[in-house]
Amino acid sequence: MDNTNKHTNTTEWVDACLAELAPPPDWQPNPDLGLAHLRSYERQAKHRRRVQREAALAILIAFVLTLTVPASRGIARQLLDRFYMRTPEAVRSTTPRSESQLFIMEYTSPPFIGRFVSSAAEARKEAGFSPLLPPILVEQIASGLAVLKVSGPIDAHIKIRVRDLMAALQSRGIGANVPRDWDGVEIGYHLGPGILVAFLGGTLGQSQRPALITPPGFPLIDFTEIALEGAGLTASEAHNARNMLADSGGAFSLVPSDAKSNFHDVSLKTGRGLLFENDTDNDERQKCSFCPGPHELVLTWAASDRIFQLRSQTMTVDQVVALANSIN
Amino acid sequence: MKADSEPFPEVSTEADAFDFDSVFRAEYSRIARVIARVVQDSARAEEIASEVFWKLSRTPRAQGANSSGWVYRTATRMALDELRKQLRRKKYERLLTPGRATRTPEQYHQQTKEQGRVRLVLARLKKPQSQLLILRSHGLTYDEIAQALDINPTSIGTLLRRAEEAFRKEYVRRYGQYQ
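Protein chains in written order, with the numbering used here: chain C, 792 to 1119; chain H, 44 to 222.
A hint or two may mislead.
Stated by the list, open to error - Computed cross-link-like contacts, DSSO-like style, restricted to lysine-lysine with a CA-CA straight-line distance of at most 30 Å:
(1) C/K916 / H/K98
(2) C/K837 / H/K128
(3) H/K133 / H/K170
(4) H/K212 / H/K170
(5) H/K98 / H/K212
(6) H/K212 / C/K837
Honestly, the hints are just simulated from the structure, not real lab data.
Whenever a hint applies, use it, and build me the whole structure from the sequences.
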């Protein structure tokens, strides 16, 4: 009985408390004003969506270009960037960026700049793999502050021209012997669909690891060493890179000597990441595949089944690392 | 106790024949009043109410038989979010004010008013518990609350009792014995 009384008292008391919050009885909300507000939200949201779409499109194009368009030191390093992404590395070349291209990549897949998707589930359906996202970005996507886009796939190939490769090596004073039977060999490149999140602070891209496709028995590692020498690495750098590729599946980005960006390793929850920092006003994205835009940070790292790239012009190093570490 | 009668009016219930304007006209005032209970700012309440309906217009799965319930649930959630935001803002404003700001008699009166206490306690409760109490105080029946919050109608009584008890405990913890 006491409990019943206590409960009744509590209920009455809580009701009385909440009754204090009742709005004044003479206040009448104005539906016409409300409808006007609603229409203004719609207009603002349309504008915001359009801006986000355009921004994301621009970012995506830059992202795809960064990943796919060869920097001028040659296509070989670009392919290596794509294929061996388990342990991202960077090597500073002794030569500046050159405009000559040692190999020409021909795209066999139609251009596909991607399309917006409304949810991670839709992205999974489109891309064929589930995006791994930091909780904060999951919230931002749900609330419309971040947008998801699916890009790719990309298929391309290069054809080895032994004469051109020999000429490039000779022009650098390198007397390497290039096997004649490499002439005309095609090395295919496949990058599956990627998922990009464009948020207020930057972009987070991810895709399954790309693959290089060579003819059976083709000595890709030997070719890599020679091609990198032709592309501007010293003999010892090219040899180190070869060992890196052969031993650990390490990936590297060839950074030309005139790139101002700094890079260093960072420790992440999933292992090691490679952080590029550009404190200048120069856009260096065309100089190497990990190189940042003006005042941008680029963190590249790999998980067991995918590669990630996080770009931001507004976040600090600690924030970038924390965001990468918060991915579930 | 029936602050606003007929909370769930008859509206078009077929998702494919969803008449947004009629739902808006039928529900807007009630929703704005529920929000005003929590945010205590009529202009802001109307803005949030518009935002709720904007979300409804952008959420096809909510446009059906239970659109009213969805609107109430979203409205109370957004109102509580706004309340917490207001309280956080006040806290930071106090922290950023150099020295100790002198309160005007009006502010002092406002702070000590029961309304302020109740709102603070609501902001500190778990959101579903606050939603239950707000909707009950707004005059919704158990079935309507269950529909709005998407919970089993048979659990409403128990959940309400727990929410009341949580409210009482939080109030007593902050302000001492209740009357």
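Right, here's what the structure says about each hint:
1. C/K916 / H/K98: holds, 25 Å
2. C/K837 / H/K128: holds, 26 Å
3. H/K133 / H/K170: holds, 20 Å
4. H/K212 / H/K170: Measuring from Cα to Cα gives roughly 16 Å; hence the hint holds.
5. H/K98 / H/K212: Given that 30 Å is the threshold and the Cα spacing comes to 35 Å, the pair is violated.
6. H/K212 / C/K837: Violated, at about 46 Å.
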